[in-house]
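Q: So the chains spell out like this:
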Amino acid sequence: MKLITVAGPPSSGKTSVILKTIAALGLPPGSVGVVKFDSLTSFDHQRYDEQQIPNQTAFAGKICPDHHFVSNVEGAVEWGMKKGLSVLVTESAGLCNRCSPYVNGILSVCVIDNLSGINTPRKIGPMLKYADIVVVTKGDVVSQAEREVFAFNIREVNASATVLFVNGITGQGAFMLARHWQDTLDIQTLRDRKLRFTMPAAICSYCTGETLIGEMYQLGMVKRMEFDDESP
Amino acid sequence: MKALDYVAEVSSVPIGDILRRYPLAVDYLANIRLVGVDETKTLPEILENVDEDMLEEFGLDREEVIFHFSAFLEAFSRMEESIETISSITILGGRDKTGRPEMLELTVTPGEVVSIVGPTGSGKSRLLEDIECLAQRDTPTARQILINGSVPDLDKRFATGGKLVAQLSQNMNFVMDLTVQEFLEMHAKSRMIPDSAAVVEKCFAVANSLAGEKFALDTKVTQLSGGQSRSLMIADTALLSSSPIILIDELENAGIDRREAIEILVGNEKIVLMSTHDPLLALRADKRIVIKNGGVANVIETTAEEEQTLHKIEAIDSALLTIRNQLRRGEIVTEESIPEFQER
Ligand SMILES: Nc1nc2c(ncn2[C@@H]2O[C@H](COP(=O)(O)OP(=O)(O)OP(=O)(O)O)[C@@H](O)[C@H]2O)c(=O)[nH]1
Ligand SMILES: Nc1ncnc2c1ncn2[C@@H]1O[C@H](COP(=O)(O)OP(=O)(O)OP(=O)(O)O)[C@@H](O)[C@H]1O
Ligand SMILES: [Mg+2]
Ligand SMILES: [Mg+2]
Ligand SMILES: [Zn+2]
Ligand SMILES: [Zn+2]
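Going line by line, the protein sequences match chains A and B.
Everything in the first sequence is counted per the numbering used here, starting at 1 for the first residue and increasing by one.
Everything in the second sequence is counted per the numbering used here, starting at 233 for the first residue and increasing by one.
If you are wondering where the hints come from, they were derived from the structure by calculation, not from laboratory data.
Among the hints, a few may not be true.
[To be verified] Pulled a few chain B residues facing chain A out of the computed Cβ check, cut under 7 Å:
id	residue
1	V407
2	H419
3	F447
Predicted model, so just to flag it, every value in this text is computed and none were measured.
Glycine residues also receive a C-beta, built at the ideal position from the N, C-alpha and C atoms.
Produce the entire structure from the sequences given, and follow the hints as far as they go.
A: Structure, rendered in structure tokens:
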């Protein structure tokens with residue numbers, strides 16, 4: 001089974017791109033599945049159901065979404081193997097900009113959209129920097145110049161990635177992404193594979209339910225900001 | 233130069249000199265929050281005093297910063313060299329909507345304009361899409377696109393981020409929060425054009441010559457009217473985009489000097505294909521592709537007689553424009569506004 005990890009900011013077009021790419025793969029119905037990782041709610045399962053794509057949704061709830069992803073992605077692979085899938089796609093949303101749910105040796109795709117502002121590529125961090133393929137959506141509604149500048153800003157952050165333009169509505173460009181999916185290696189399990197980048201650290205008192213504000217309530221890993229102390 | 237050569241350079245040359253040699257380097261440093269550094273020091277010296285925890289947030293340690301930075305410089309020097317030039321594009325027929333074979337082999341070269349005409353829903357936009365994705369009998373139309381007479385190397389082509397084709401359509405808008413000047417400068421920078429001031433100025437002048445109502449360099453691009461936006465997009469695509477092929481999907485209602493727009497694009501040795509319902513644009517082209525039911529039904533070379541009629545059509549067009557302007561000014565349209573065309 002091939003595993004593809006897809007991540008990207010909320011509403012950037014991940015589901016649209018995944019659906020169009022699955023169609024472009026042209027595999028028998030039911031042989032490509034999706035596991036959606038989200039924080040609180042998601043309506044993506046309706047769209048996958050509509051296309052009769054086997055899918056599961058996992059909510060992180062009060063757990064850090066990345067930690068939730070790593071602790072469940074192996075289970076996702078087991079589910080895919082049991083279902084006899086030939087391709088399993090994980091879709092992660094609701095992550096912070098520090099996250100990158102990518103695993104060494106597993107094709108990692110980051111989806112961002114042209115509408116999110118030209119500096120967005122510089123702000124996303126590891127999720128973009130460690131991706132093998134960066135998919136840019138919503139190019140149909142912005143100018144040629146903005147598409148070019150956006151792609152340039154992506155290359156400044158990740159000079160080695162392949163940048164693909166995909167229209168999530170018409171599917172234009174999806175067949176190229178499908179080619180990259182076809183070329184990835186087959187796996188049986190994820191055990192002992194390594195993450196490309198460390199997860200955000202979070203072991204402070206607030207992790208365990210503290211809600212009061214004040215230095216005396218803070219324990220564990222705390223990062224304190226330095227403000228300039230000049231008086232006016 | 234190889235990445236390793238850059239490592240040697242970055243390790244021994246003061247960062248101030250590096251920044252002057254490679255103007256993009258400042259972006260790299262800004263991306264990892266290294267700003268206002270001591271320009272007399274080398275990068276390794278600067279990194280000595282940088283908090284390791286801060287670097288770790290970016291997934292790097294001191295040594296990796298140097299390698300990563302060198303790879304960055306190497307990648308962008310490569311980009312500078314790979315400006316695409318092409319000598320022709322060929323469209324090989326596939327099949328129409330009913331599956332009937334499409335008899336077509338059409339080659340277009342730089343400086344040529346081809347218009348695409350046909351009823352609504354006949355497949356004009358589809359043909360443009362086939363060209364954009366360099367279809368290889370793998371789209372619903374089964375058409376094939378050749379570059380310079382042969383099958384394009386898809387991986388190489390797409391690695392450059394689809395730089396072969398620029399697109400213009402009525403649905404496109406500006407979303408950047410920048411002034412016209414900042415916008416043009418930013419685009420020039422991304423193209424790594426050394427003397428950007430001159431080309432920015434030229435672009436601005438051309439855009440204003442196309443637009444009915446003039447705009448200023450410090451106007452926000454998002455505040456431009458539809459016609460002004462379209463003018464700026466055309467000027468920018470002609471002068472600042474590296475793509476040798478330009479695909480235009482309907483430009484007619486933009487309220488700009490359309491003929492002039494086409495002249496500007498063609499003057500810059502671009503291959504221009506445009507889907508249109510506008511007689512003026514359709515006849516301005518050297519050839520026009522007629523689409524019916526999803527397939528190319530005919531390719532017509534614009535005849536000498538048609539070129540003659542172009543003058544009359546322009547007269548009709550400018551008469552319409554006069555009436556449009558009268559209405560805009562709040563005037564009353566009279567019989568006199570409409571010239572006599574009926575005499576033959
Ligand atoms: N114009 C345009 N709209 C697009 C494109 N791709 C996606 N959209 C629209 O963007 C919206 C969000 O797309 P989704 O695919 O649901 O995004 P997502 O990243 O899966 O969203 P979450 O999973 O909720 O984070 C939808 O309304 C899509 O129709 C595109 O290329 N062009
Ligand atoms: N040869 C073909 N085989 C199958 N489908 C086709 C073919 N040609 C076009 N189509 C489909 O027909 C539909 C209408 O085509 P398209 O949008 O290109 O029309 P159009 O000429 O641009 O219309 P308009 O003038 O309204 O913009 C599209 O869904 C397109 O994919
Ligand atoms: Mg989604
Ligand atoms: Mg159309
Ligand atoms: Zn996170
Ligand atoms: Zn915590």
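Q: Each hint should be assessed against the structure and marked as holding or not.
A: Comparing the hints with the structure gives:
1. Checking V407(B) against chain A: minimum C-beta separation of about 5 Å stays under 7 Å; hint holds.
2. About 5 Å separates the beta-carbon of H419(B) from the nearest beta-carbon of chain A, less than 7 Å, and the hint is met.
3. A least Cβ separation of about 15 Å between F447(B) and chain A goes past the 7 Å threshold, and the interface hint is therefore violated.
Comparing the model with each earlier hint shows a violation of hint 3 alone; every other hint is respected.
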